[in-house]
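From just these sequences and the hints, can you work out the full model?
First to last, the sequence lines map onto chains A and B. Residue 240 in this note's numbering sits at position 240 of the first sequence; the count goes up by one each step and never skips. Residue 101 in this note's numbering sits at position 101 of the second sequence; the count goes up by one each step and never skips.
Hints listed in this document are in silico derivations from the structure and should not be mistaken for laboratory results. Be careful, since some hints might not be right.
Computed footprint of chain A on chain B, listed as stretches where at least three residues anywhere in the stretch have a Cβ under 8 Å from a Cβ of chain A [what the hints assert, rightly or not]:
(1) 31 to 43
(2) 76 to 89
Sample of chain B residues lacking proximity to chain A, with all beta carbon distances greater than 12 Å (derived) [what the hints assert, rightly or not]:
(3) 67
(4) 72
(5) 126
(6) 185
(7) 188
(8) 340
(9) 346
(10) 374
Cβ coordinates follow ideal geometry from the N, Cα and C atoms, glycine included.
Number of protein chains: 2
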Amino acid sequence: MASEKPVVTVTCTAPVNIAVIKYWGKRDEDLILPINSSLSVTLHQDQLKTTTTAVISKDFTEDQIWLNGQKVDVGQPRIQACLREIRRLARKRRSADDKDPLPLSLSYKVHIASVNNFPTAAGLASSAAGYACLAFTLAQVYGVESDLSEVARRGSGSACRSLYGGFVEWQMGERADGKDSIARQVAPELHWPELRVLILVVNSEKKLISSTVGMQTSMETSPLLKFRAEALVPAHMAEMTHYIKERDFQGFGQLTMKESNQCHATCLDTFPPISYLNDISRRIIQLVHRFNTHYGETKVAYTFDAGPNAVIFTLDDTVAEFVAVVMHSFPLESNGDKFLKGLPVRPAPLSDKLKAALSMDPTPGGIKYIIATQVGPGPQILDDPHAHLLGPDGLPKPTA
Amino acid sequence: MASEKPVVTVTCTAPVNIAVIKYWGKRDEDLILPINSSLSVTLHQDQLKTTTTAVISKDFTEDQIWLNGQKVDVGQPRIQACLREIRRLARKRRSADDKDPLPLSLSYKVHIASVNNFPTAAGLASSAAGYACLAFTLAQVYGVESDLSEVARRGSGSACRSLYGGFVEWQMGERADGKDSIARQVAPELHWPELRVLILVVNSEKKLISSTVGMQTSMETSPLLKFRAEALVPAHMAEMTHYIKERDFQGFGQLTMKESNQCHATCLDTFPPISYLNDISRRIIQLVHRFNTHYGETKVAYTFDAGPNAVIFTLDDTVAEFVAVVMHSFPLESNGDKFLKGLPVRPAPLSDKLKAALSMDPTPGGIKYIIATQVGPGPQILDDPHAHLLGPDGLPKPTA
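Below is the structure:
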């Protein structure tokens, strides 16, 4: 942070997060305030991350932004909300400190470039990582040190949960202005080292309703959604926090599955109904339950967001066998794609007893690939200048 | 009814009913008492019916029963409950009347044969028609004239709704003994002559969870189910009754779809989750909503029970076009099967504008066939002796 330099360049990365207590429905569309608290697991950036570079310079004449190499309209309301909010916080902080007068840098225009290291085809909500990275990077260039929940949240609600590593809750808050609707860490990155995450990327051509539109329709039409948010989620939050602190996979896994099912139930109760799960998703659900029934305990758990992809939670000692189960049930159709990405997973044999217990006809090509990952840290600052996505001229570097 | 003849033979038919306010969950498993009232439309027996013959004779040494030509165990608890209940009613009625002493016939054993005129492949709940027909036929041979709701209900809850034609409600009742959990007609068969019903039989190999087991699991695990039954269904019952009395298809259709979606939402909220809908079901749902959106009004409505088949409600002036829409979206794979069964439906052209509005890639073979039918009457007594399924010897007639 050197706010009076003519040019300041900062590059940061931020993680994807997967909710185990689901956020579905806003009580304030503009401020992006949720109707219930939610809780998520931050995924490791070795597998999934957004990288963002922000440059401020007195020579820039306008704010500009590039996403995955494409120039996009910086005038988008949510991007504008983030920029407005971070500059407000910067101004506030400085004016609170007499010895440090308002720096010129606050009037500087900013150039921003952001890229994801994972294919959008993966259907993973990239907006959370994207807006968390935007908020975090802007905070560095403008020298903001206060809580960034609101900055990230104004871009995408669940983005505030990507501001921390480990296990993170987004407290819904009660205030109309949303000042108390903030994210905080429930447990750090290394709290539960055995926990593993498998992302099963499902083949699907169907174009889906965006979660923003879906939530609005659910809020307007689903009586089950309101009941869930008010009567059921508060207890779920307390239970889930307890299971995480105790590293109780039985409780964690079962509540994670029930939460996912209940959230998708409110989507089905929406009018017209919303179905993010498809037949492959349902086969994965069946597979998980049969696998757990075979062992007489919850060794694997699924959760689904606004799409058919499954996110599987399990412990390190179960990863290899469950991956073998998935490959047995969804044999790879050679699509030139690497089926297993991320953390290395050793091959494991499947007992005939287990195969019989699964009793499913294989569905070739039902799953495109698997990403194996784990719990990870929050946003990072990259010191290596080579990491910058923008040159000193504030323009995207030619990607060789 | 000639209870002192050495042999009495009676043959009756009973209809299938389709719930528009759903029954899901029992408050008493043994008496089969529901957690909420439900409301159904009785389908016409020209297309779908059960036929049952009952013979009583002093010469029979034991009760016997044949279903669709197969001898089955008469000791089944639900069959026994029906027999016990009908004989209790017969005894009660006679003992209440001095001039008519207990007839011998009450001690006679009964032979019963029952057949459906529709393939079980159709996945239509045949138990409702079956137990309604059993209750109604036994009432004839034993001379019972009182309300048969309990007799039918003890066989299969929704069977009590098949005891009447037209539009029928099953009042949940409040008494622990279930005496006030009875069916009654809301509107007669000819009340809404324009109403039509299309059953879209979906291709599906998946074996499904029986509704009995499904309901039990939902009762044990779904908080949304209890909320729906207590807080939402009572209002739905009143609204639906109003829409039917007013012949308001907009209201009737929309509430029918919302009820179906909400019932299946509680199945998804069950743990492990239950999914009766598959991708074809969901495409039908999408098709219906796009069709209605195109016309800016609810011209067609869907409802689903414990399987992927869709039951479509519409009015006579829309049948031809919507059937054309279905055949356009699910082109027939020649399976040697007649695609369109039941009421005649004339071919109708589809405007390019409508085809564009549907904007769906065809799914060949997704639907096996369509049964076109309408609202129908309640159980009937067949006077023609040739209709009897059992001979005077009380054994199934050789089916030529």
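Beyond 12 Å from each Cβ of chain A, as asserted for residue 374 of chain B: Correct as stated: the minimum Cβ-Cβ distance to chain A is 26 Å, above 12 Å.
Outcome, coverage hint (the segment 76 to 89 of chain B, chain A; C-beta under 8 Å; three residues): With 0 residues closer than 8 Å to chain A, the segment 76 to 89 of chain B misses the three-residue bar; violated.
Assertion that residue 185 of chain B lies outside the chain A interface [Cβ separation over 12 Å]: About 29 Å separates residue 185 of chain B from the closest Cβ of chain A, which puts it past 12 Å; holds.
Verdict on residue 346 of chain B as a residue remote from chain A, using beta-carbon distances over 12 Å: With a cut-off of 12 Å, residue 346 of chain B remains clear of chain A, as the shortest Cβ separation is near 29 Å.
Outside-interface status for residue 340 of chain B - nearest CB in chain A farther than 12 Å: Given that every Cβ of chain A is farther than 12 Å from that of residue 340 of chain B, nearest at about 26 Å, it holds.
Check of the segment 31 to 43 of chain B against chain A for coverage (Cβ-Cβ below 8 Å, three residues minimum): violated (count 0)
Assertion that residue 72 of chain B lies farther than 12 Å from chain A (Cβ): 27 Å, holds
Non-interface claim for residue 67 of chain B, where every Cβ of chain A lies beyond 12 Å: 28 Å, holds
Beyond 12 Å from every chain A Cβ - status for residue 188 of chain B: Holds: least Cβ distance 30 Å, greater than 12 Å.
Residue 126 of chain B and chain A, when compared Cβ to Cβ, separated by more than 12 Å: 26 Å, holds
Of the hints listed earlier, those the structure fails to meet are numbers 1, 2, in rising order.
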